[in-house]
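Protein sequence lines correspond, in order, to chains L and Z.
Just so you know, this note's numbering puts 111 at position 58 of the first sequence, and the rest follows in order with no gaps.
Just so you know, this note's numbering puts 6 at position 26 of the second sequence, and the rest follows in order with no gaps.
In short, the hints are calculated from the structure, not lab data.
Warning: the hint list may mix true and false statements.
[Stated by the list, open to error] Derived Cβ-Cβ restraints for the label pairs, each shown as a range:
1) Z/Ser173 <-> L/Pro250: 35 to 45 angstroms
2) L/Ala278 <-> Z/Ala192: 49 to 59 angstroms
3) Z/Ala189 <-> L/Gly254: 17 to 27 angstroms
4) L/Glu68 <-> Z/Thr0: 24 to 34 angstroms
For each residue, glycine too, the CB sits at the ideal point set by N, CA and C.
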Amino acid sequence: MSGPIVVLVEHAAGEPDRVSLETLAFARGLANALGGATVEALLFGDAGAGVGASLGAHGAATAHVVADARLAGAYAPGAWGATLGELATTRGAAAVLAPGSDRGAEVLAHAAARLGLPLAANVLSVTPGASWSVTRQRWAGSLLEDATLDAPIRLMSMAPHAVAVDERAGSAPAMVAPFAPNVGDADLVVRVTGHEPPAKGSISLTDAKVVVGGGRGVGSSDAFAELEELAELLGAAVGVSRVVTSNGWRPHTQQIGQTGQRIAPDLYIACGISGAIQHIVGCKSAKRILAINTDAESPIMGIADYAVIGDLHTIVPAISAEIRRRA
Amino acid sequence: MNILVCVKRVPQTGGRIVLTADGQEIDTKFLGFTISPHEECGVEEAVRIIEAGGGSSAVLTLGPAAAEEQLRDAMALGIDRAILLETDGSEWDPMSTAAAIVDAVRTQEAANGPFDLIVFGNESADSGGFQVGIRVAVALGRPVVSGLKGLTMGSGSVTARRESAGGGWETYELTLPAVVGVKEGINLPRYPSVPGRLRARKKEVERVAVGATASRAALAAGSATGAPIGPVKVVLRLPEAQGSEVEILGRGAEAAPAVVDMLQRIGVLGS
Chain L
54 MSGPIVVLVE HAAGEPDRVS LETLAFARGL ANALGGATVE ALLFGDAGAG
104 VGASLGAHGA ATAHVVADAR LAGAYAPGAW GATLGELATT RGAAAVLAPG
154 SDRGAEVLAH AAARLGLPLA ANVLSVTPGA SWSVTRQRWA GSLLEDATLD
204 APIRLMSMAP HAVAVDERAG SAPAMVAPFA PNVGDADLVV RVTGHEPPAK
254 GSISLTDAKV VVGGGRGVGS SDAFAELEEL AELLGAAVGV SRVVTSNGWR
304 PHTQQIGQTG QRIAPDLYIA CGISGAIQHI VGCKSAKRIL AINTDAESPI
354 MGIADYAVIG DLHTIVPAIS AEIRRRA
Chain Z
-19 MNILVCVKRV PQTGGRIVLT ADGQEIDTKF LGFTISPHEE CGVEEAVRII
31 EAGGGSSAVL TLGPAAAEEQ LRDAMALGID RAILLETDGS EWDPMSTAAA
81 IVDAVRTQEA ANGPFDLIVF GNESADSGGF QVGIRVAVAL GRPVVSGLKG
131 LTMGSGSVTA RRESAGGGWE TYELTLPAVV GVKEGINLPR YPSVPGRLRA
181 RKKEVERVAV GATASRAALA AGSATGAPIG PVKVVLRLPE AQGSEVEILG
231 RGAEAAPAVV DMLQRIGVLG S
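All chains, full assembly: derive it from the sequences and hints.
In C-alpha cells:
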C-alpha cells in the first residue's frame, strides 16, 4: 500500500481556491492509479478547519490544519515550505502536490529544497511505476515534456486547468487534524509584512468576463482610448500584448501572455494582435476569441472563433457606435 | 553593494515552435537566442541599483559556450563582469543547476567578497522549473522571495513588492545578503548603447567547465543508484492544435452590426 498523497490547498474568504480543487481532483486520480492511496490536504490559517472539512467532497480523507499564528497570520514561503516538507515526511507521503499558482509553486520549491528532492513543475499527467512518468508544460504550455521523476516522495505542481474540479455530493467530510510543525525562526524571516489594496473600481484581468486586448497594431499609447471606450461599453478589462508593454504604451500589469497574466474570459477581443506564442498561451483559455486584424493569415486566426479583417482604428470605433445606437 | 544576476540563454520563439526530428530540442536553425525575459529585467534592475547606490555587478549563466552571447548582452547593459559555467550543451535538471550555481557563488565570494543580492528570474522561459533561485537561497541559508515586481534598497535590507493573487500588492522585507526572483514588469529594460556594446565585447568572461550533469550520469547508471533525480527529459511534444474554425464577420467598419449581433447572440451584450 502506497503512502498518502499530500495536497497543499490555498483558500481565501472561507473558500478553497479553484486550482487547489483541481489539484485535489488530480490527486484522486493518482490515488486510484496507486491502488487506493488516501488524499490528505494541508491548509494554513484559522479558516482552514472549515474549508478543510468541506474537502471531503473533493476526495480528501484528512485535512491537516496549521493554526500556529507565526505561520497562519501571514504568508511565509519558507515556513510554509518547511511545514509541507515536514508533513510529507511524517506521513510517509508517496507524492506531494501543489497548485501551480505563484504561492503553490513557491512553497513547493521551498519544500523540495529543504528535502533535497526533485520537483516537476506544471504537470499535466502522471503515471506511477518503478520510475514515475510525468508530462509537464514548458514554454507556459506551448510545448510539452515527457519526463521521469525518481524520488522517495514525488513533488509536483499542477498546471492550472489541466483537470476539472471533481466534487461529489454526499461524501463524508474530511477529518480535521491540527498540525503543529517544528518550524524554526530561520524559516520565518521572510513573510508578508504589508498589503496594498487594488485600485478602486478596477476590473481584474483574470476575473473579467470580457477582455479587450490591444497589440502592436494599436500603434501608440493614445490610440488605446478607442479600446477603452469599447471596454467600458462592454464592462470589460483592457489587456495588452508584450510588445505594448515593451514600448511603454501601457503598464505591465495589463500584459496577457507567458510573462504576464493568463486569462479565461467568456470573450476575448484581440485587436491588432498577430498571435505570437508568448501571447497565445495567455489567452487560449478564453471561451471565444474575436480577432480584429488587417492580416487574415496572422497566427491569431488559428485560435479565433470570429474575425473582422481590416484596420482596428475604424472597426473598433464603429463597433462602439453600433452598441450605442442599439442601447 | 555587490550584486550577482543569474540568467539563462533561451531561443527566441516567434509564432510557432518546431522540434528536431528526435524530439529532444527546439529546432533553432532559424532562431536567434536571448536572455530569458524575467532575467533580462533582473539584469536591468541590478544595473539600476548599482547606478543609484554604487558598487559592482556580475552576471552568471550555466549553459553552452555560445551562452557567452547573453553574458555580453548583459555587460552591454552595464553589468561589470561575467561568469560562464560551461556545459557540454546537454540540458541540466534544476537540482544540478542549483548545485553548480551554489558552488560558483561560494568560489566567487571567497575571491571577491560576498554578494549582497543574488537576482534570479521567477522561472525560465523554456523549461519553466520555478525552483533554481529558491534552491540556491536555501543552500546558502539566505532569505528569498519570488515573483517580485518591485525592489527598494534600504541600508542592509531590501523591500520587495509582488502582486497579490486577489489584486493589489503585498510587500516583504529581506535582510541582506538575500536572494530575489523577479518578474518581467519590475522595470522596462533599456536598449544597449553602441559604446556599451563595444565595451562589453572587450571584457573578459570567466569560464568554469562544468560539463555534463551528475544526474545524467546517475540516469545512465539506471535507477539502481537510488539517487533522487528529475524531471529527466524523455522527449518533447507539441500540444494538439486547438483547431477552431474562424467565422469571418466581415471587413472594415461595415462589419460592426455583425459583430454586435454576435455579442448579443453569445450573451455578452443584452439585446
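Hints not upheld, ascending by number: Per hint list: 3, 4 violated.
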